[in-house]
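Novice: Generate coordinates for the entire structure from the input sequences, incorporating the hints supplied.
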Amino acid sequence: MSVKYIPVQWNPNKWIYDAVMLAGVALFLWVFLYITPEVLSHERAINPQIHNARAFGACAFVMLTVILCIGPAARLDRRFLPLLYNRRHFGVMTAFVALTHAGYILNWYFAFSSTDKLVGLLYANASLGQIAGFPFELFGIFALICLLILAATSHDFWLKFLTPPIWKRLHYLIYAAYFSVAAHVSLGILQDQKNHVFTVLFMLGAGAVIVLHITAWLSERRETAAKDGAWAEVARVGDFREGYAKIAKLANGGRVAVYLMEGKLSAISNACAHQNGPLGEGKIIDCLVTCPWHGFQYDVRSGRSPAPFTEKVPTYRVRVMDDMVEVHPDANPPGTYVEPVPLPEPEPAPEPDTPEEGAKA
Amino acid sequence: MSDKPFFVGYLPAPGPLRTFLLTACILLIAGLGGAGLLMGAAQDDPGPGAFRFDYGRQTVTGVVELTPYPIIHVTEGNDRIKPGDSFLMTAGGKSGVDSRAEPLGGQLAQVSGVVLERGDLYMLQLRGGRNGLQAAEGDAPEITPEPQGRWKLAGEICDGKCLAGAMRPGRGLAHKACANLCLLGDVPPIFVSTQPVLGEEFLLVTGPDGTRLPPEAYDYIARFITAEGDITKRGDLLVWEIDVDTIEVTE
Chain A
1 MSVKYIPVQW
11 NPNKWIYDAV
21 MLAGVALFLW
31 VFLYITPEVL
41 SHERAINPQI
51 HNARAFGACA
61 FVMLTVILCI
71 GPAARLDRRF
81 LPLLYNRRHF
91 GVMTAFVALT
101 HAGYILNWYF
111 AFSSTDKLVG
121 LLYANASLGQ
131 IAGFPFELFG
141 IFALICLLIL
151 AATSHDFWLK
161 FLTPPIWKRL
171 HYLIYAAYFS
181 VAAHVSLGIL
191 QDQKNHVFTV
201 LFMLGAGAVI
211 VLHITAWLSE
221 RRETAAKDGA
231 WAEVARVGDF
241 REGYAKIAKL
251 ANGGRVAVYL
261 MEGKLSAISN
271 ACAHQNGPLG
281 EGKIIDCLVT
291 CPWHGFQYDV
301 RSGRSPAPFT
311 EKVPTYRVRV
321 MDDMVEVHPD
331 ANPPGTYVEP
341 VPLPEPEPAP
351 EPDTPEEGAK
361 A
Chain B
362 MSDKPFFVGY
372 LPAPGPLRTF
382 LLTACILLIA
392 GLGGAGLLMG
402 AAQDDPGPGA
412 FRFDYGRQTV
422 TGVVELTPYP
432 IIHVTEGNDR
442 IKPGDSFLMT
452 AGGKSGVDSR
462 AEPLGGQLAQ
472 VSGVVLERGD
482 LYMLQLRGGR
492 NGLQAAEGDA
502 PEITPEPQGR
512 WKLAGEICDG
522 KCLAGAMRPG
532 RGLAHKACAN
542 LCLLGDVPPI
552 FVSTQPVLGE
562 EFLLVTGPDG
572 TRLPPEAYDY
582 IARFITAEGD
592 ITKRGDLLVW
602 EIDVDTIEVT
612 E
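Protein sequences, first through last, are from chains A and B.
The numbers in the first sequence follow my numbering, run straight up by one, and end at 361.
The numbers in the second sequence follow my numbering, run straight up by one, and end at 612.
Quick caveat, the hints were computed from the structure, so don't treat them as lab data.
A couple of the hints might just be wrong.
For each label pair, taking beta carbons as the anchor points, the in silico distance ranges come out as [as the list claims (entries may be wrong)]: (1) Glu-503(B) <-> His-196(A): 47 to 57 Å; (2) Ile-166(A) <-> Thr-611(B): 42 to 52 Å; (3) Gly-454(B) <-> Leu-76(A): 50 to 60 Å; (4) Gly-238(A) <-> Pro-366(B): 20 to 30 Å; (5) Leu-106(A) <-> Glu-503(B): 43 to 53 Å; (6) Met-203(A) <-> Phe-414(B): 38 to 48 Å; (7) Leu-76(A) <-> Thr-380(B): 33 to 43 Å.
For each residue, glycine too, the CB sits at the ideal point set by N, CA and C.
Specialist: Take a look at the structure:
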C-alpha cells in the first residue's frame, strides 16, 4: 500500500529475492560464457560475439520460463507464493538480458554492412512465405518489444495510472512474448542444431509452462465452478475456517472471497486493488485481509485499506441458506460497508446411545 | 484453507516456510547454473574456417577474371600462395571488390590482404583502395575455361566470406539474414556440396551465362537444396552456373 511513489520500496525480502535472482543469472552466464568453452572441443572456437549472444539469449529464455512457471506453481501450492512476491524485478532483469542478446546480434550479424543495421535487420531476409528460412528475427523483435513494454510499465505508478484491470491485461503480453520467443527459437537456432540437448531443454521448459498452466486451470475449475442463480453458492458452513476465505466464481466470471472473521462472514472482491492478487488466498492478519502477493490489507467488512492508505475493493452481500453460504453476484461500490453475517452454530452431532446401567464391566 | 505458513512480503518469512524457500532458492540457482552448462556445452562445432592473421599479409600477382564475381589466377606467388592457384576476393565487412576489379578484368594485377581459409576454400580479404588491388605490369596469360558439363548437385548456398571463417558459425538458417546481407554487398556466393564434385566441396555459384546469382535464389540461401547447372573449371576453381528453375528444397 502506498501514499506516495518512490522508485522501489525496498525491504529485506526484496533484497533477498533480487540477490537470489541475480546469483542465478550470474551463474548461468558465467558457466555459459567461461566454463563451456573449456568443455567444447572445437577445432576453432565460436566467435565470442555469437557465443555471448547465445548465452544471453538462452538465459532470457530460461528466465522467462521460470517467471511463467511461478504463477501456476503458486496457485497449485501456496508455498511458492513468495517467489511471486517480487516477480516484477525478475521481469525487468529478463528484459535487460534479452536486450543484451539483441545488441550482440545486431552489432555482429547486421554490422559491417553499407546498410544501416536496423534496416538490414528488417529487410535482409524477406522469405516470409516459408517455414525453414523464415525471418525468425521478427519474432525476437516482437518479444523484445513486449518485454520492454512490460519492464517500462512495471512500476506502481503505471499500475495506478492505468488501473489494475488494464495494467493486468497489458501484462498478459508476457504470454505473447513467450510464444514469440518460442517461435524465434524454433525457427532459428533449433533449425540448425545437430546436438539436440538444447532442443530437449527447450521442450522441457516450454512443456513445464504449458503443463503447469493447464494443471492450475483445471484445479481452479474444479474448486470454483460457476453456478447458476441470482445467489451463488460458496461453500458449506462447516467448510469455513477462522481467518481464511472460500473463493466463489460468479457466473459473470468474477471471483469473490468470503472470509470468516470472529465468527462472522464477509465478502469482498477476490482481486486486490494493487495487482489483482488473489485476496481469497490470503489470510486475516490484525483483523485485516492480507493479500498473499504483496501484503496489501483491507477491512473485510468495507473493502477499505486502513488509513492513511486509500485502496478500496468492492464488497458483496452474504447470506446463509440452510447449511450453504451464498453470495450475491452484484458487487457493491468499492469501500461499501456490509454488516457481517454471523455463522450459524453447526448442529450438534447426535449423541451415541447411552449404555444401560450395569452394562459397564 | 490449509494451515500452511502465510508469507507477507514486508514481514519475516514464517519459520516453516524458510526451509522450503531456502531449498527453492538453492534449486533455482543450481538449476540456472546447470541449464547454462548444458545449453552452452550443446553448441555445434562451427567448423575450421578462420581469418589467417598468423599467415601475415599476403601479396601476389595474377590475372583478374570476372565470373562475374572476381577471381584472381596467381602468376607470381610467394611461399604460401603458388602460381596456378586461384582464389576469391572480398573487401572488409560485408562488401565485395567488384568496383575495383571490374576495370582490371582480364589484366594482370597485384593483390594484397589477409587470407580466409576453410579447407579447400581460399579467399583474400583485400586491403583498402589501391593497396589491396592495383594493375601490375606485364602480359596477362589467357585463362581458358574448361567446361565440365551439366550437374545436379545437393547442398547449401552460403556467402563465401562468412563460410570461409569471417564468422564461426558462418552458415545455416540462423545465419541466413547475415548471408543475404553479404551477398547483397557483392561477397561471392559459395555452394557447399554434400558430396565432393570433381574433388571439390566448395563451388563458386553464379547465374547462367556469366550473370550474378539471381534474386530468385535468395529465398533458398542457407537451405538444403538440389539444383542443376553447368560447371566450368576456371583455374583450380569450380564455377557452377545454377539454373534457378531447377531448385528444389530437400528437407
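Novice: CB of Glu-503(B) to CB of His-196(A), is that within 47 to 57 Å?
Specialist: holds (52 Å)
Novice: CB of Leu-106(A) to CB of Glu-503(B), is that within 43 to 53 Å?
Specialist: holds (47 Å)
Novice: Do the Cβ positions of Ile-166(A) and Thr-611(B) conform to the proposed distance bound of 42 to 52 Å?
Specialist: holds (50 Å)
Novice: Does the Cβ-Cβ separation between Gly-454(B) and Leu-76(A) fall within 50 to 60 Å?
Specialist: holds (53 Å)
Novice: Range hint 33 to 43 Å: satisfied by the CB atoms of Leu-76(A) and Thr-380(B)?
Specialist: violated (19 Å)
Novice: Could one say that the CB atoms of Met-203(A) and Phe-414(B) fall in the range 38 to 48 Å?
Specialist: holds (41 Å)
Novice: Could you tell me whether the CB distance from Gly-238(A) to Pro-366(B) stays inside 20 to 30 Å?
Specialist: Given a distance of about 24 Å, which is inside 20 to 30 Å, the answer is holds.
In summary, the one numbered hint that this structure violates is 7.
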